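Model the full structure from these sequences, guided by the hints.
Here numbering that gives the first Met the number 0 is used: the first residue of the sequence shown is 0, the next is one more, and so on.
For the record, the hints were derived by calculation from the structure and aren't laboratory data.
The hints are all genuine.
Keeping only pairs whose Cα atoms sit at most 20 Å apart, straight-line, the calculated SDA-like set for lysine to any residue is:
id : residue 1 : residue 2
1  : Lys204    : Pro402
2  : Lys337    : Gly398
3  : Lys20     : Asp50
4  : Lys387    : Arg375
5  : Lys337    : Arg315
6  : Lys204    : Gln236
7  : Lys359    : Leu349
8  : Lys408    : Trp36
Remember, it's a predicted structure, so these values are computed and weren't measured experimentally.
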Amino acid sequence: MECHNPGTIAMMAAHDMNLDKLVLRRVLHSILRSLVWNKNDWAAEKRLAEDTRAPLAQILPAGTDQELVEIAVRFAGMFGCAGLAGALTPQMSCEEWLECLVAGGALGVADVTFHSSGSTGEPTACPQPLSVLWQEVGELGRLTQDRRRLVSVVPQHHIYGFLFSVLLPAQLGVPTELLPPFPGAGLSEFLREGDLLIAFPAFWKGLASLGLRFPTGVRGVTSTGPCPPQIIEQLRQQGLDAMMEVYGSSETSGVGYRWDQSDAYSLFRFWQPVALQQTSPDALIRHQLNGLMAEPVMLPDEVQWLDERTFRPLRRRDQAVQVAGINVYPQYVVSCLKQHPAVEDCVVRLMRPEEGDRLKAFVVPVDPRQADATLRSALIDWCRQRLKSVEQPRSFTFGTQLPTQGMGKLADW
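Written out as structure tokens, the structure is:
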């Protein structure tokens with residue numbers, strides 16, 4: 000558990016658009032904690048929390064040097080110092096990494112660069128102006144101004160966690176508690192009236208399955224993907240006061256919100272729809288900041304507009320990938336595979352360059368015992384009869400559930 004008092008970021012609370020060193024430290028620790036959590040190395044997490052001046056190669060699990068190189072690239076690029084990534088070595092400590100970035104001008108950057116999850120392709124860099132992030136936090140603060148404490152299980156290096164766990168507590172002037180992203184029965188005793196619990200659909204699903212009771216006056220926030228209405232309803236029956244769903248993406252940041260899953264989403268006030276149609280396969284919205292209108296951006300979903308300020312997401316827009324120079328739609332291949340009676344669920348994506356240049360599929364069989372060469376052969380024949388050559392997956396992987404990353408989004412395999 001990690002706790003932060005808002006007084007330590009008073010400059011940010013006063014809406015100084017520059018970052019401070021504490022923000023860099025929290026984001027770096029967030030990235031490193033995600034690494035050790037993925038390896039279930041709790042001893043490394045304790046070392047990370049207790050000793051920020053020891054070399055990272057000594058603190059983190061053995062064999063993570065290459066992963067640290069990748070973290071250095073991501074961390075330095077996030078704060079506009081990509082050229083310094085090579086100087087951040089595993090033999091340096093957290094504090095030395097921070098000093099290097101501060102000396103390189105990280106505290107004066109105008110943009111913070113996040114990365115998409117890569118659930119529909121390669122993760123992409125998504126720079127967001129700090130001024131725009133503060134504008135969104137102003138809206139979020141208006142919607143959560145009665146909260147006394149923020150409790151977050153969302154990594155702070157993701158845009159969702161950065162907004163709600165770094166900037167929002169500064170906006171509200173309340174403390175923040177940072178917890179591991181694993182639901183546990185002890186959470187009910189940790190929470191108290193006036194808390195805002197910030198989590199993601201897979202975490203909420205885990206809490207619902209535990210059947211824990213929430214203290215009076217606890218509210219929740221969910222984002223990163225749809226949270227099933229039945230899960231929210233079950234959490235309400237277990238005492239959760241209300242759930243705010245935030246709709247957005249790494250590319251757009253927050254777009255809209257709702258407090259009731261039966262309602263449509265309301266656009267945040269700084270967005271304006273463009274060329275409004277009732278149903279928009281390519282819905283465009285335009286950002287407004289200080290009276291100036293930015294270039295339109297595309298929503299990640301087809302949406303139904305109820306009026307100029309409210310909308311309902313309908314379905315993900317098909318995203319084409321190039322296979323042998325031809326546009327192919329992985330979601331179309333998914334729909335074909337799901338028609339096979341032995342397939343419970345699946346996901347399809349383009350191979351990484353080292354894997355090849357075709358599609359690959361991850362399949363959850365109806366009967367896990369069928370995950371063998373016979374089913375693979377049957378699916379190859381199924382696709383050959385129904386899909387073009389470039390649409391046919393060249394690799395099939397089987398499992399009991401779709402591969403996801405820490406916050407429940409689809410991941411590569």
